[in-house]
Every structure is written in structure tokens, then in C-alpha cells.
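Student: Each chain, written out:
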Amino acid sequence: MNNGNPVNGDPGGAPERPLPLEDVGRLVELVQESGVGEIRVRQGDLEITVRAREEAAAPQQPRQVETQAAPEPPGEPASAENASAENASAEAAAAANGLHEVRSPVVGTFYRAPAPGESDYVDVGDTVREGQTLCIVEAMKLMNEIPADISGEVVEVLAENAKGVQYDQPLFHLRPEA
Amino acid sequence: MPVANLEYGLTFGGLDRETVESLGSPLARVVELHDEVASTQEVARGLARRGRERAPHGTLVVGGVQTGGRGRLGRAWGSPRGGLWMSIVLRPEIRAEEASRVTPSAAVGVGKALWELGVEARIKWPNDLLVEPGGRKVCGILAESSIENVPVASKRAVSGDLGDRRLDFVVLGIGLNANLDPGDLGLPEHEAASLRSELGRDVEPLELLGPLLSRLDAELRRLTDFEAVLDDWRALNCTLGRPVKVQRFGETLEGRAVDLSPEGGLVLALPGGERVELYEGEVEHLRREP
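Residue numbers (my numbering), protein chains in the order written: chain P, 1 to 178; chain E, 179 to 468.
To be clear, the hints were calculated from the coordinates, so they are not data collected in a lab. Incorrect hints may have been included.
To be verified - Below are the SDA-like pairs computed for lysine to any residue, each with C-alpha atoms no more than 25 Å apart in a straight line:
#1 P/K163 / E/V436
#2 E/K423 / P/V154
#3 P/K163 / E/E432
#4 E/K423 / E/P366
#5 P/K163 / E/E429
#6 P/K163 / E/E441
#7 E/K423 / P/A115
#8 P/K163 / E/E276
#9 P/K163 / E/P366
#10 P/K163 / E/G451
#11 P/K163 / E/V445
#12 P/K163 / E/D359
#13 E/K423 / P/N161
So here's chain E without its partners, still in its complex pose (with noise of 0.2 Å):
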């Protein structure tokens, strides 16, 4: 292990429990800190298949170091210290097709928690928080969702009604390039971002955690208010009224990104006129009409 970066010698920024406590956050009700974890996604997974009592609403997971950190489908995630790596266990009064609320929201938390320490940041659909100049990544969020199942013979009785697939749980995991240089992430300069380098210095971690936290709280609260979340999203997002480039489904899709859905899936005005809604794909920012 390189003994550089002492003073995260502890999870982030040397948090310790008692202090993320002390915030007084329903995000972090139950804390777990690790130095060096695998992943704090799938510790947070873990605790949370354990119940509710082990693992209530804002059960939160810290890394300082994670071994395995994974993006989405399984992607390796760079995740060296001086990161912020976090997973929280959320159990959402929310019906199981609504789970996926939870990410955009969380981007415009994140957003707002970044506004207020003085990053300019701007969200890319649907929860990549991005800085000028050149769209650098500087927090990526995912979530996975765990649905529970009600017998069989209540099910029928509300016939074909979705309803009934109650949200367990969501674990929330977001990747946040703090006090580390982007070269540290094993990433072209031009791709990534910090903290660091957009302010100039590194912030002290409650400094982060505190605004981090309450921001995210104050969004996932409105899950059930979505379009006020949506038009949040709109004043912050740096995707709509481009150009893109969609890959999806192994098919390439060109066109302009004009809205969102209700649902908060990205409408495309295709250069024939017609419009198609997603909920999936990577997105690009294209420079120029297609």
C-alpha cells in the first residue's frame, strides 16, 4: 500500500463515525465507514438484504478506497483515495415503477451540494454531474433497487395490478471525485474533473458530507412530486436543446435532445421529425447538428 495522502489515512478525509453521526442526517442514520473496501455498493447490498433493522432508510456506507468499485453494468470505477465513495441504503414510500426517480433525483441533489461549494456543475442524462470546459465527469451516480414480493394469492386479487411490487429497498451509490487529481483516476485529463481541480484546493469532508447529504435528503423527499425534481433537473442539466448521439440497444440514434418525459426519460427530436422517448442508452454530446 502507497503510505501517500496520510491524512485520508481513514475513509475520507479521516471521517469518523461519530462526526458523520453528529450531522444528524435521516441519510446517515446507521454509518459505516471502511478504509479499503471492495465495494461500498455492494456492502451497502448486504446490509440491506439483512432487513430494515439492520439496515434502515439512510443507512450509509463510506469507502476511502475501493478495490472493486463498479459502474454500471459492472464496469470498473476508479476509486483511489481522496474520493468520496458512498453508498446509501434508501427504502422510499414509493411504488417499485417509480424506482428509477431515485437517480435523477439524486443528480440534482448532488448538483445542488456541488453549486453550493462553487462548482459549476451540470447534469448530463440522466445523473452525470459534468464541468466546463469540455463536459469533465466529475460525480457519477447508480442505483440498483431490490423489489419486494407480496404471496401470490394477495396478488391476484388486485388483478394485474403492478401496485403490489412494493420497493424494498435502492441503494444509492455515487462516485465523487473529491481531494485526488484526475490523472489519479486512470482516465484521459480531458474526461475527468475534481474537486481539486475545479477549486483549487481540497475541501474538508464534512464541508462536503453536510450539503452533500441534506441536498440529497431534500430531493429524495420529493419523489413523490416529481415534476418539481424534473424542472430542477431542467435548470441544471447541460444535455437538452443539444445535439446527441444515442447508443442504444446496439443501434446508434442521432438527433436533438428536446425534453423529458414525466417519467424523466429523455425525448429526441429525430432529424425526420419523429420523436422517441428513452430510459436507456449512453448518451454523447455531439458539437454539431446531425
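In isolation and in its complexed conformation, chain P is listed as follows (with noise of 0.2 Å):
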């Protein structure tokens, strides 16, 4: 993954070197992970300040980075009518971690390999191209290819193999490349 951990590393000893975007999503993810309130990373002249918000805080005030090194928060749209709230409320999350939502395109059974038996198109942690393949969504003996539409790397498969997906539920999140 990473080389060198920005936020427990010495800020002194740590290279003069930009902070790369993966990085600020790995803060935006400790952040989420560790429960605390607010992380900061001060590298050279470049300080970063990721801070948790609320829990039940309004999606359009997502978690805030403040750094000129911060990504834009992508702002993807609401989720569309028929997508349950846990789904809405799942990619305001998303959204607020600069990663990016693979959605269904079709009711039908979500398979992450080709066959049985053989491995599985994409795994956490690899870089994936736009335009390949992530899984199959399996409806009435049409087997769905679903493409990456960005460029990036698989942080979460967020369906269970060989189980039912519904239109527009999120199967992946992806971290946009930088």
C-alpha cells in the first residue's frame, strides 16, 4: 500500500515530498476507522486537517479536508428513486470519502468470478482500468459484464458473491485515480 505512514511517521524525518492524494484518502479513512475526531498531518509546509462530522450530519456537509493539497469532493448526485435509503445514505458516505460508487445496472445475481472455480475478476487493493470488467450481474440467463467506469482502486466489494443485487444497488467503491 502505502510507503510510509504519514500520520503516525515523524513528521521531521518524513521526506519533502507532496502528500499524494491516496494518501488523503487513507486520512479520510482512518479517520473513519479509528473513531477519533480529527486527524492532522503536517509534512514540510503542507499541513492537513481531516475531521470527522457528525454522525447523522446532512450529506451535502461532507466530512471536511482542509488542505490546498485536498481533493474536490466529487459531489456525486443523489442516489435515484428506487435505491433504498441505506443505499443513499451508503454512497453520501462514499461520496464524502472521494470514493467512487459502482452501481447495478440490473436486478440479477452478482457473481465476482467468471465460473466457479476460477478467481475473481478484481480483489481490495487492486488498480483497476476504466473499462474492465468488476464482476457479472447474472438476470434471466444474461450474463452482465459490469465495466469500472473511472480508473482507480478497489477499496470495498460492497455485494456478497452469488447473491441478489437490485437496480442501482453499489456493488464497489472505487478510489478514483489521482
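Take each chain as given, in its own frame, and dock them per the hints.
Tutor: Here's what the structure looks like:
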């Protein structure tokens, strides 16, 4: 993964380099996973503060990332009307994390591999190119290959293999390529 | 290689490309015939990925023998000489979420062509073709679709609408047990049928391919008038009204197949009265009520 942890490392000893966006994304994850309110990182002249927002904050007030190196929140649009409330909140969280959601265009069965016993199309941590097949959703014996609609890193697989998925259900979180 | 059935030495029934193209079918604009091929589906998919110029709508791949024929989820599918093993690249003008209309529509097309030949085949949901007695399978259908991406920037502009995920292509695979004995397929006799077993004779290649391509084309042109296709599906099916057992997601559902949903899903009435809509699962026809 990352070469050097910008959070726990000694800022004084860290090499002078711009903090890549993936590190910012990692900070956002750390705030989320650790449950701490705020993480501040200084590297040379660059300081980044990642602050968790209140649990039930509105989606239009995303997790704040203050720095000149901070990515623009992608501002993903609100979910389609038939997406469940659960999907909507997951989506808001993903948008706040700067993550991109790949959603199912059909109702069907989610398969991570082309056939039983074969290896999965992608795994968490893989870098994928736009257009690369991420999974199959089968509906009425039509195997729909679902491509990545952006290039980036697979951060999370949101659906369970060989189980049903609904129209517009989020399947993957991708971290967009910087 | 065994040299039996030499009359079918080149692909199905000794077909040649000019003969197939002479049918003038929109589903046979570009024709590739293989005496022996691992899988027509893989060949067609490879062509389709090379773009619309190389593989326009109606690119037809036929194999005499498939050495690696596969069914759903990579299951082996016996494809000995004498069967019609083919895959067609389709580029229908429909949205990605409508792609699953292709398989039941194809089943209707194949069903009509078989009736034209004198084989009274009926559709088991969603798209197997069976003959009585015993519900023996005479034709299997599967399809694979590929979705075309549009740039992310323009996707945001249409906020949450999936209409921007266009269908690039669908590869429709059809395996029809034609001029062979059901025993050639390596399946128990009571599970499979062939045109030979039902008609008591072999069919001429164009006698089969002509009606098949024309019926398929007619149904595939009606994908945007899907309710009409489903009416014909209902007229040809053998699943609705029957007690069925469905395996899906590792569980078994038993109930009565009562209707199709507007998108072709199977509506199942469970013993408790609850209704579920299925878009997946292995359906088994039962003789008795659950």
C-alpha cells in the first residue's frame, strides 16, 4: 500500500514531497475507522486536517478536508428514487470519502468470478482501468459484465458473491486515480 | 478425430459462408464458420470487442464441433458434430438494464422456428426449449452483455440516471441439438432431445437456419415492445401454472409459477400466499403441489 504512514510517522523525518491524494484518502479512512474526531498531519509546509463530522450530518456537509492538496469532493448526485435509504446513506458516505460507487444496472445475481472455481475479476487493493470488468450480474441467463466506469483502486466490495442485487445497488467502491 | 458423420465435415451440415450469407438475414451480415472451435461464444465475444466495424450487429459464428462449449457459469456443454452451435453478436438499441430481454426473446424466436419445422417445443423459464414427453431439452440459450462506458464528467450531468450506461453488445449463444442422437450429448436419454429424435430425420442446414435467423430477428426487433414478446412467450411456455422448485442464493423456494413480471421475471406464489419475483435461479418443474 502506502510507502510510509504519514499519520504515525515523524513529520520531521519524512521526506519533503507533496502528499499524494491516496494518502489523503487513507487519512479519511483512518478517521472513519479509528473513530477519533480529527487527524492533523504536517509535512514541510503542507498541513492536512481531516475532521469527522457528526454521525447524522447532512450529505451536503461532507467530511472536511482542509488543505491545498485536498481533493474536491466529487459531489456525487443523490441516488435514484428506487435506491433504498440505506444505499443513499452509503452513497453519501462514499461521496464524502472521495470514493466512487459502481452500481448495478440490473436486477440479478452478483458474481465476482467468471465461473465457479475461477479467480475473482478483482479484489480489494487492485488497481483497475476504466472499462475493465469488475463482476457479472446475471439476470435471466444473461451474464452482464459490469465494467469499471473510472480508473482507480478497488477499496471495497459491497455485494456478496452469488447473492441477489437490486437495480442501482452499489457494488464496489473505487478510489479514483489521482 | 473420429471420421463418422463426414457429411457434416465442415461446420453444421457442411454449410459454407456464401450459402449462409445468401439468406440475407440481418443476423448473418458477417459470417464465420469453424469446423472445430473451443467455443463460438468466446470467438464471437472476441470479435465483438474489436468494435462495430469488425463485428457489426449480425456477426454470426457457427461451429461444427465445440471442444470447450459452455453453458451458464462455465458449465460444460456437450457440443458434438450434428448440433447447431452458434453465437451472434447483437448491438441492439436498448438500455443496459433492458439487456436481459434478449434471452426470453430469443427463446420465443427459437420456439417459433421449431414449431415451423414441426417440433412442438415449449419454453421453460426463462429460455430453455423442452419437448414432451418428459420435458427433454432440445435447445439451450445463454447470453453475455458488455456495457459501454460514457465519460464520468457527462455521467454526473445526468445525476443518477443509468440510461447513460449504454449497451455495447450482447453475444447470444444458441445450442440446438439438431442432427444428432440425444445419447451423443453424454446426458441421460430422458434429459435431452434432438430434432432427429423428434422428427425421425435429419434437417437440411438451411431448412433450420433460415427460419431460425428470421424468427430470431423478428423477436429481437421487438425488444422495445417487450410486452408483445412476453405474450408470445406465455403462449409458448410450459412453466406458468405449474408447481415449481427454484434453487437460488443457496436456498430452495417451492411454489406455483403464476405469471411473468413486465421485465420477464418469474412471479412465484408461495404456499403462504406471498408472491416473489425471480430473475435468477434453477427452475425445476414439479408434478405435485408443494
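Student: Which hint numbers does the structure go against, in order from smallest to largest?
Tutor: Of the numbered hints, 2, 9, 12 do not hold.
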